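2 protein chains.
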Amino acid sequence: MAAYLNNRFVNNEEAVLHVSDLSMQRGYAVFDYLRAINSVPIFIDDHLNRFVASAAAMHFSISKSKTELDDIIVELLRITNLPVAGVRMMYTGGYAPDFYNPVEPNLVITCNPLKLPTKEDFDKGISIITYEFQRDLPHIKSINYQMAVWLQPLLKKQLADDVLYFQNNSVTEFPRCNLFMITADDKLVTPVNNILLGITRKHILALAEGIMEIEERDIKTEELYCAKELFYASSTKRILPVIQVDGKLVADGKPGDVTKSLYYKLLELEFSITELASR
Amino acid sequence: MAAYLNNRFVNNEEAVLHVSDLSMQRGYAVFDYLRAINSVPIFIDDHLNRFVASAAAMHFSISKSKTELDDIIVELLRITNLPVAGVRMMYTGGYAPDFYNPVEPNLVITCNPLKLPTKEDFDKGISIITYEFQRDLPHIKSINYQMAVWLQPLLKKQLADDVLYFQNNSVTEFPRCNLFMITADDKLVTPVNNILLGITRKHILALAEGIMEIEERDIKTEELYCAKELFYASSTKRILPVIQVDGKLVADGKPGDVTKSLYYKLLELEFSITELASR
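Chains as they are written, first to last, in the numbering used here: chain A, 11 to 289; chain B, 11 to 289.
Pulled out of the complex, with its shape left as it was, chain A reads as follows:
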């Protein structure tokens, strides 16, 4: 397995940082994560755009262009040669002499095997709980998942697969996924405020465009309980039906037709990208 550290390709075990880096001193770093099928990265332009935007929003001065990052990732995928891979790119606050003010960022790109949910996972769907919390600087994809990780024992106790954050009675997002709802009158609704705008979210909205009515708006917590369908989406999960919220079934507790239809459209889109690249 290979990785990339600052200016060179290294063996995966050499992808280390000294503890004086601000990621470990102050939890100060941004990252992005994309998926590759047969070494073909999916939606790489979107991920690079968001990565560079996150770095700028965290006041990092970065030297590499998107084209350079793209080249590094393509080469890393070629070297690692995995059927399904997750590529994680991270800029950290660097080795700050005062352990506080960011200096030249460290760049680390890693590539690991990724296990995607199966068709059985899709059919089974997931159970979620809601929890009152708002992430800091939600538009930046930072490494701050403190609350998400801290909540894991609660999730296990409640036999829940994931947690949906809400604030002021509006649900926002999952720690790593975006929420979508199909209303009783067949609208596709997804939150837009105080969230990280997901890449998969963007492509799902594009796929639904013209086929169904779309609303990007706040979703009240109580709306979840009368939804026709709910699902969540991300690069690592694609689309998974939410079949239970806080112990209550969503509709009849089975994956819904709109969710299925969007899932297959997303697979088709991904297939067209990998297909095109292999020509």
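Hints are supplied without guarantee of correctness; some may be wrong.
Note that identical chains are pooled: a pair holds if it fits in a single copy or bridges any two copies.
[Unchecked claim] Below are the SDA-like pairs computed for lysine to any residue, each with C-alpha atoms no more than 25 angstroms apart in a straight line: (1) Lys167 <-> Leu147; (2) Lys125 <-> Tyr105; (3) Lys74 <-> His28; (4) Lys230 <-> Asn178; (5) Lys247 <-> Thr140; (6) Lys238 <-> Leu217; (7) Lys230 <-> Gln144; (8) Lys166 <-> Ile150; (9) Lys166 <-> Glu114.
Since the hints were made in silico from the structure, they are not lab data. Source: prediction; values computed, not measured.
Got chain A; can you put chain B on it based on the hints?
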């Protein structure tokens, strides 16, 4: 310079973690920081108690006892032999195979030279701004300083030395220090809710006990503007007078008598600890 990594002393440059550690993957780690004068650690029992409590609150299973940690720190101070040192001990979420759920923590202890504020810094005092923000899990000393670091450019623009957080019109704490106020009727007031309980804070309260009236309670933002004296306190700053808040002078803008008196009492206490150890 030496450090300690998991189970052994290493050279400082070997104090590295692989990027798969949850500190870098998810910003999930706790730490504590203490000061040593002539290799004598100050208030080490308090720091070890808080460190172990932070680790437990983050659901970490740690194997080292407080006595073992104490022994390691004393040995590290002996090896590094610095006149003034800062010792930072950190437990991270470890090398989690799923990059999400904590496993066996990594322990890293480092020791670096520390520059303490001078008498001139004390006489000059500091300017602060207030900012609406509440830290997550404030009672845990975690590495999450994302907002504090993110605000640094704003502080520089406003020529401020530090930022005091407030929420619901009550001020809470600085990113790395506790706030104290002397009221017009000579009470010593300090916040107690939604903050990290500082070690220096604890000892200042003990020093003031019986000498002046003490109130541990919420402080309204507007109370700052009619305070007789304000100061902040921490292991790295000891006590520094706050002479300006949001561009307004505190009283006559000079260090006050109670602040000075507590500052000298704190120095005296520290001196008695290092004195005792050198006998």
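Status of the hints after comparison with the structure:
no.	hint	verdict
1	Lys167 <-> Leu147	between (29 angstroms within a copy, 20 angstroms between copies)
2	Lys125 <-> Tyr105	between (33 angstroms within a copy, 18 angstroms between copies)
3	Lys74 <-> His28	both (22 angstroms within a copy, 23 angstroms between copies)
4	Lys230 <-> Asn178	both (9 angstroms within a copy, 23 angstroms between copies)
5	Lys247 <-> Thr140	within (19 angstroms within a copy, 41 angstroms between copies)
6	Lys238 <-> Leu217	within (19 angstroms within a copy, 63 angstroms between copies)
7	Lys230 <-> Gln144	both (15 angstroms within a copy, 24 angstroms between copies)
8	Lys166 <-> Ile150	between (28 angstroms within a copy, 22 angstroms between copies)
9	Lys166 <-> Glu114	between (40 angstroms within a copy, 18 angstroms between copies)
When each numbered hint is compared with the structure, no violation occurs for any of them.
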